[in-house]
Amino acid sequence: MKKLFAAISLASLALLGAVAHAAPNPDPDTLKVALLPDENASTVIKNNKPLEEYLEKTLGKKIELIVTTDYSSMIEAMRHGRLDLAYFGPLSYVLARQKSEIEAFAAIKQKGSTTYQSVLVINTGAGINGIADIAKKNVAYGDKASTSSHLIPKSMLAENGLKAGENYQEHFVGAHDAVAIAVQNGHAQAGGLSKPIFESLVQRGIIDANKVKVLVESKPFPQYPWTMRSNLNAALKEKIRAAFLGLNDPAVLKPFKADGFGPISDKEYDVVRNLGTLLKLDLSKF
Numbered sequence: 596m597k598k599l600f601a602a603i604s605l606a607s608l609a610l611l612g613a614v615a616h617a618a619p620n621p622d623p624d625t626l627k628v629a630l631l632p633d634e635n636a637s638t639v640i641k642n643n644k645p646l647e648e649y650l651e652k653t654l655g656k657k658i659e660l661i662v663t664t665d666y667s668s669m670i671e672a673m674r675h676g677r678l679d680l681a682y683f684g685p686l687s688y689v690l691a692r693q694k695s696e697i698e699a700f701a702a703i704k705q706k707g708s709t710t711y712q713s714v715l716v717i718n719t720g721a722g723i724n725g726i727a728d729i730a731k732k733n734v735a736y737g738d739k740a741s742t743s744s745h746l747i748p749k750s751m752l753a754e755n756g757l758k759a760g761e762n763y764q765e766h767f768v769g770a771h772d773a774v775a776i777a778v779q780n781g782h783a784q785a786g787g788l789s790k791p792i793f794e795s796l797v798q799r800g801i802i803d804a805n806k807v808k809v810l811v812e813s814k815p816f817p818q819y820p821w822t823m824r825s826n827l828n829a830a831l832k833e834k835i836r837a838a839f840l841g842l843n844d845p846a847v848l849k850p851f852k853a854d855g856f857g858p859i860s861d862k863e864y865d866v867v868r869n870l871g872t873l874l875k876l877d878l879s880k881f
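The sequence shown begins at 596 in the working numbering and counts up one residue at a time.
Possibly wrong hints are sitting among the right ones.
What the hints assert, rightly or not - Derived DSSO-like pairs: lysine-lysine, alpha-carbon spacing no greater than 27 Å straight-line:
1) K832 <-> K814
2) K732 <-> K706
3) K758 <-> K849
4) K694 <-> K739
5) K704 <-> K641
6) K806 <-> K790
7) K706 <-> K852
8) K706 <-> K849
Rather than coming from a laboratory, the hints here were simulated on the basis of the structure.
Let the hints inform the model, and build the full structure from the sequences given.
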């Protein structure tokens with residue numbers, strides 16, 4: 596009898612485990628859409644209310660906007676099937692792709708291009724006139740899984756012989772705006788972030804151009820991609836793709852500082868994977 600109960604218990608546990616790991620609904624009534632935690636979560640959600648309304652109208656689905664605490668938790672949420680769509684940075688997409696069945700289908704367009712640049716910014720009073728002058732200084736980065744506020748600027752320094760921990764001290768402060776503010780306040784003498792975000796911070800008066808300036812710009816990299824679960828219903832995936840590629844509403848595009856979305860594929864992010872190789876980073880540990 597004990598063996599029978601033990602067998603029943605094991606079978607029950609196996610059944611519960613199967614239910615817990617069941618594949619997410621391919622055609623959910625509510626689509627969970629994640630946005631990057633580049634700024635305060637409530638601000639991000641408020642700014643993207645037009646996107647929520649546009650997708651609900653276009654897709655005929657309820658939309659739930661989500662902003663996770665950081666890039667890593669966003670990657671994990673996608674890995675466990677708790678997200679249906681997600682707007683990743685290039686590096687966080689590469690990391691998420693390693694762990695999840697997802698596909699990139701659209702990237703933001705700015706001035707007709709689906710590429711963007713990162714910048715190294717400096718405190719104007721720090722006595723930095725070139726990259727070599729960053730030696731022995733404090734450098735602010737955003738999130739470790741950020742492309743434009745970590746991977747790209749770090750590679751720019753590495754290409755000029757400056758390695759974190761050896762030639763300068765690195766500090767991770769979370770978001771892009773926090774990088775610029777840290778440089779402005781003098782807590783760091785230099786920092787790396789997205790060029791469009793830095794320009795927006797200056798335009799909005801959050802950053803004083805007399806205190807913080809761009810030292811150097813990176814080469815172009817593929818823009819931030821929109822991704823979706825690969826196991827979504829095929830017809831739904833096509834509707835989602837069409838909704839983004841056909842989007843031209845200025846109110847929806849404003850938070851992305853974009854003039855539209857263009858098609859993009861996973862292969863275009865090989866350049867980001869190559870940066871990890873250049874820096875000798877084990878991307879599986881991010």
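Okay, the hints, checked on the actual structure:
no.	hint	verdict
1	K832 <-> K814	violated (32 Å)
2	K732 <-> K706	violated (35 Å)
3	K758 <-> K849	violated (37 Å)
4	K694 <-> K739	holds (17 Å)
5	K704 <-> K641	holds (22 Å)
6	K806 <-> K790	holds (17 Å)
7	K706 <-> K852	holds (10 Å)
8	K706 <-> K849	holds (13 Å)
Hint compliance for this structure: hints 1, 2, 3 are broken, all remaining hints hold.
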